[in-house]
Amino acid sequence: MITQYVFYFLSFLAIMFGLMVVLSKNPIHSVLYLVLTFFAIAGHYVLLNAQFLAAVHIIVYAGAIMVLFLFVIMLLNLNKETEPHKNVWLKLSAAVASGLLLVVLVGSLKNAEMIAATNTFDPNVGLIENLGKTLFKEFLLPFEVASLLLLGAMVGAVLLGKKSIK
Amino acid sequence: MKALILLSSLGVIALLAEIFSFKKLVYPLVIIGLITTLIFNAFDWGTDITYFNMMRYDDFAVAFSTVLIGVSILWFVMADGFFKEESNMTDYFSLVIFSLAGAVIMVSYSNMAMLFLGIEILSIPMYVLAGSKKDDVLSNEAGFKYLIMGAFATGFLLFGIALIYGATASFDIVEIAQVVSTGAASTIFYVGLLLMLVGLSFKVSAVPFHFWAPDVYQGAPTPVTAYMATIVKTAAFAAFLRLFYTCFQGSAGTWTSIVVVMAGLTLLVGNITAVLQTSTKRMLAYSSIAHAGYMLLGLVALNGYSQSSILMYTLAYSVGSITSFGVLGYVAKARGGDSIDSFNGLAKTNPFLAFVMTVALLSLAGIPPTAGFFAKYYIFTAAFQAGHAWLVLVAILASLIGVYYYFKIIIAMYFKHNNNESAIELSFNHKLLFVITVLLTIALGLMPDFVIGLL
Amino acid sequence: MIKLVWLVPLLPLIGFMIIGFFGKKLSKGLVGTIASGAVLGAFAVSLGIFFELGGQTEKSVTIDLFSWITAGKLSIPFSFLVDPLSSLFLLIITGIGFLIHLYSIGYMHDDEGFSRFFAYLNLFVFFMLLLVLGSNYLIMFVGWEGVGLCSYLLIGFWFKNTAYNNAAKKAFIMNRIGDLGFLLGIILIFVTFGSISYNEVFEQAKHFIGDNSVITAIALLLFIGAMGKSAQLPLYTWLPDAMAGPTPVSALIHAATMVTAGIYMVSRSNILYTLSPFAMEVVAVVGVCTALFAATIGLAQNDIKKVLAYSTVSQLGYMFLALGVGAYTGAVFHVMTHAFFKALLFLGAGSVIHAMSGEQDIRKMGGLKKYIPITHLTFLLGTLAIVGFPGFSGFFSKDEILAHAWEHNKLLWFLGVLGAAMTTFYMFRLYFLTFKGSFRGTHDQEHHLHESPKSMTIPLIVLAVLSVVGGLIGIPEVLGGHHYLEAYLKPVFEDSSLRLVHHLSHETEYILMGVAISVMALAMYFAYNKYVKNKTLPANEGETLNPIHNLVYKKYLIDELYENVIMKPINFIGEALHKVVDNQIVDGIVNGFGSMVTGVSGVIRKAQSGNIGFYVFVMVISIVLILFTQLF
Amino acid sequence: MITLLLIFFPLVAALMLLLVKGEQVKKIALGAAIVEFAISMFAVFQFQKNADTQFELNYAWIKSMGINFHVGMDGISLLLVILTTFLVPIIILTSFNKQYKNPSAFYSLILAMQFALIGVFVSLDGFLFYIFWELALIPIYFICLLWGGDDRARITFKFFVYTLAGSLLMLAGLIYLYQFTPNHTFDIKALYAAGQSLDVVHQGYVFWAMFMAFAIKMPVFPFHTWQPDTYTTAPTQGTMLLSGIMLKMGTYGVIRWLLPIAPLGVEHYAHLAITLAVIGILYASTIAIVQKDFKRLIAYSSIAHVGLIAAGILAGNVQGVQGSMIQMLSHGVNVVGLFFIVDLIQTRTNTRDLHSLGGIRNVNPQFAVLFLIVLLGSVALPLTNGFIGEFLLLNGVYQYSAWMAAFAGISVILGAVYMLRSYQSIMLGETNALTSSFAPLTGNEKAVLVIICAAIIAFGVFPKPLLDIVEPSVIKLVDGFNLAIGK
Amino acid sequence: MSAIQIIPINWYILLSAVLFTIGVLGVLFRRNAIIIFMSVELMLNAVNLLLVAFSTYLSDSAGQVFVFFIMAVAAAEVAVGLAILMSVYRNTKSTDIYMLNKLKG
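Protein chains in written order, with the numbering used here: chain H, 16 to 181; chain C, 81 to 535; chain X, 4 to 635; chain B, 4 to 490; chain U, 3 to 107.
Think of the hints as simulated: they come from the structure by calculation, not from any bench. Keep in mind it's a predicted model, so treat the numbers as computed, not measured. Be a bit skeptical, because a hint or two may be false.
[Stated by the list, open to error] Selected chain X positions facing chain H (in silico; Cβ < 7 Å):
1) Val589
2) Val600
3) Val603
4) Phe620
5) Val621
6) Val627
7) Phe631
We put the beta carbon where it would ideally sit given N, CA and C, even for glycine.
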């Protein structure tokens, strides 16, 4: 039972903080709310027996990515409510569009019946050992290929970052 | 696989060139490397090996990756001048080669993870390249728009993958197909499928997910635009086709009607909007959208013709685009702008360039005996066989509109006069390139059997 | 000789080619000799054929030259048919043709287009011979259109004059209207009988059972052709205008030969007409109406050639009346006599004009009798012949026609007699005003008056003789003669005459003749009274006439009517079609597609606003739509 | 072999010509065209006068699609090949007194055009036919674009897009048929069989898809509006190619492809199509009457003539089809002659306006005679070539519908009206400032006109050799058509 | 004891759908490029959550492995994206996407 309440609580947090990200005026606040959202999601991960992933999630997102965001915001000196406002109609249309999306998604997914639900629940899937095996056996190739991705992104970021020599 | 390894190594070597300061050699090295890759790749023909259950190097993959690598060689020759002026030449080289590696993954994946990674490996360097003219606001804007919208679309793609995973418990496209074939597909699966469709439609710039394309194509440096129009588009279509042909064929009922509508819209919107453009580059961007519409025709046909028709089309279209962007690059540089007026009187000053451009444009417009004609014809056949006669009629109408704007350039070159009487000087490499592309365009038009017989 | 029939048209053709190609280099004398010689040669051969045919039992000989057009079961050989009818026409054409060639040598002597004139004339003879010699309708059509062409060329012979050119054009186009009917008739013949050669068609027609309306249609279509060529109502207006050509042309083409082609055609197809009483009725009515109508116009004309032209139209009407009442022989007979006297009258008129240095208005003539005696005498003989003075050729042929008309319908007869009276009146009016009284022209003209050269007077004399005695070959039984012509032509009209039985008592015929003669005498008296005794002169230009007279003088304003009812609307429609329908509507729709695309393009471009927010918005809405349509 | 030679010799010559510079280009081009004519004459003498397809060659081309390089000639094809090879040298000769800039390209394009035209007429494979069909468009487009008159960019472009629209529909029709061929092939026989296996509704689709292409090319009312502008603006040689030969692609297409492929469709829609053709005849003739520009007048007259040809073919009987064959040839010769006359007048007086001309006959009687002969051919006077065709065509149409024939026949009258009217305003009357110094014809010009006039008269008097060539093929075709529609 | 045995999978699906939509809303709603970026990250996290839920539910570790890749890609995208954003900012002194509308039509 407690799990259920935890779920509700975490879900509530995630959604609320998510909304705060979108709605708060100060970019710094947005970043912080996003971090909170990530924490709530990490809580869900733990709840789902994916402890390792929860840890990685915190480290990568909250620890790395969000810091990067913060860093940029600071660098660009955007920590004020500088954002000009969209007019009401645009905001309304944005809300309507995403509301419609939500309705359609929820409407189509709410009665979704799963096919492959295993009766034999395995609580160990989220453990490092299991994940490692999957990653380095089944997903070895993607893993290797991901290095290309990161290398490319690195080169790209460097390329954009450095001053061109004329 | 060989291609992937060779390309990765080539990319790294290019990176190292800067460090070990053999920058002068890197261009020939890249060309030689790509040719080597092409040869090795071609030898994989008929082998059909699956690697780690992640990549299946079947004939489809070999054919498309050969096209990709071949076109990229042409592209490198075409983009020659572009790199020479850049200080970070080797970085660009490696980025392009990495993205090419991503493209190769996109044509040979057999797992959603590989598809996803392939798309990202292809796209991320492209975001960078599109915005690589750091001082140019337009280039910045292009890169940024591409990135934001690309990431947004990736979100939908991933949501779709996740839902499909939930419905089928697998990322493997063959296994997914099996689940589908047992008839056990659920609503979740269909939502996932449709969201993946959206994500991929974005990549191929199908209407209404095409808005990024004209802006990005226009803002990006011309060679990058050429790369996006050719390699990226080819890879995206191959990935699209591979997924929907192998994986989602069983549930065609869900998505064909959408793709039919999208194809029709893409054809019309792409061609119609191109009509009023004054910037050649932007016009070619819209034309690229329109061409996506034709290829969607091949996709939606989903029959024995689909694969070879899209192969033929991408090849024909890529060759035509490389040529036209190459000429455009020259003209824009010499006449100081890419408006259609800058082509005025080109036939007088540079008959060769004008002729090359004409052939390329005829091919893009689909006039015999060029490759573009046969490709179009073949796509029409495919769609007809699948019973999409109305779509073919729309495509015909669209082709006519297409002729309208392609011929604007031809008319400008042959009919209008320009005060600037000086001829544009061509480098030897480009002369060679243009001769090859023209010959290729005509050869493919006259002997398409070589390509369409493959798949 | 019959085997050599191809020589008949070939000789004038050779003449045409020699003169056409080398005319400029040859002397006038040589050109005249060649041209007349060619026709004379043809005449000689024709004469031979005539006698040979008269002497042999086989009355219809077909000579195949080569295969011309083939298309499936349609097979048209280029071949000639020699039978009494065609051989008679050969004689008329080549004989009168020769005389007129001869006459022209003198008449055209000072014209710079001398050789051109003879080339055209020879070409005309060639086509005319083709017309009568052809063994099927299409060859006839070849000649038919060919003579039309020559007529066009000769009317517009003096091509610097716009009015003449217009007249030429008018002639060609009016003829073409008829020709279309003829052509459709030929096609209908082919469709109906599967052949267009005379022999086969007539053979089949004889045994034709079934819907007579097809035959009627054929007959009427052919008759439209005849109406054009033979200047019948309502297609007659070109013929008076055609007098723009040199006078020998008027004599040869527009009096003696070409215009009678319609008569030839109908009498050639007599069996078809005989099978269709309705068509015959139409022919007769059109004929008699034309005869009367043209005669009334003739009453008020002042141009010597115009009077003769309307007279020709009128006489042609008589011939059609004859055809319409089944008097085929009578029609052919009248063609022949008419050829003699009308050619004579025209040549005489030409001689008058020659003497008057080109003046054609009879109001400016008068008293020419003493200046040009030969012309006067021959002209008088011609006039007597045309009015049907007893014993002259016209008497016999006209009498035959009227007799048949009486038998057919009394009203037709009455109208015919009325026409004859008018003919008498205007012919004598012409004669009196021209030759009697005193000279009304200028001094210059008077000084210049002189008789024409021999080459012109000899043909006049020959024709005058023929006009007088020409009727002798057709003296009706009732006058105790023997109708040689009827006997000669019998094979041609045999099948028709089996169907059309004539039974007129001798008493009736005597009465009819008497009536005709007395009416003629009366009309002659009136003319004499008015123009010789009272010396009345036709009104000058500008003088007010009473409305009816004015209307007649203006030829009932038919030309103006055609101009306003046909030509102007066509031009208007053409302009409207061009400027409105073609440029605005049809092309407008085509261009509309273009502008539509551009318009739509402009609208769609606006969507490409450059704003990421909007792009994403559209994407999301599209996703919603996709999910919605596919999942709900 | 001879077919291959016929097709590819002009192409080779065209490519060679690109390498030649200077004045002798004309002569070389003429030489090549004459050689081509000689080759076609050789083919004529080798030709067996029966309905079989001869000189047939069939090479596999695009195997996977069942596309073959299948060429051959029966009488119908041969006649049009003769027309092409006969007219191209004349057309080249007509340009001898002209100085076109960049002559090697000009003549090369003309020969390239010939290559494509011959290809169209001998193709026995649907795809090959289409390729040649489109190929013919490119050289003529550039000829008109580069050497044309005012506003040529817009006008030629409209022409290009318009005709392309039609051809794409035809392509759609061909692909549609292709699906129904048993082994998926474009071979003409298979396409015939595929088309005939369809019911009347589907044959109707095929009919319209293909007829549109042909109707635009000919052009038939109301698809003609590209034509007067294009004819007027194109350089003389371009106009000659367009009207003399290219237009026949459309009529040939109807005979070779439409009648056998969609007989039921043709039968079903013939009434509408013939009505359009006949309306076009009257419409164009009436418009021609009020034209002031002589070139434009001939352009409209060409619409009228070709309307009759179309009507004759669609009537679907031997007389109609054979008439159309002969008329194609005659019209080709005549219209080239007329456009040449326009050109002669224009180069000498710098105008084509009928009202500002006149009296040329006074100055140049020889020209007047030659003009007159061409004119007579054009108004279909008997014993000229125009008559044979017109008679057979009217005959054919008559068998379909008497009223149609009657209306179509009105063109005989209207034709005389506008042709004589223009002859009068150009040649007759008194000379004026423009025409009084009308220069005599040069040897080349005289040669062209004399050849054309000779052809006009020769084929009018003795058309038998031509008729013999086509007749068996036409009969076979029409028999097949009648069989298919169950008549 | 895992949540998945108590909480129906549909709840997770709905939760991630909601989070995803919030991300979409952010992209639509905001003009600041950085916030938009963050919203995209939110979308990706919604996907991650869904994958993990499915992974646990199906007892299949592949889903969680996939999350790693998404994280890697997200990191790469952010790196490149922020780099581009920096260079945009250098030129325009703004992160307002409404300022980026030079390319249009």
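Hints, verified against the model:
no.: 1; hint: Val589; in the structure: violated, 45 Å
no.: 2; hint: Val600; in the structure: violated, 30 Å
no.: 3; hint: Val603; in the structure: violated, 24 Å
no.: 4; hint: Phe620; in the structure: holds, 6 Å
no.: 5; hint: Val621; in the structure: violated, 9 Å
no.: 6; hint: Val627; in the structure: holds, 5 Å
no.: 7; hint: Phe631; in the structure: holds, 6 Å
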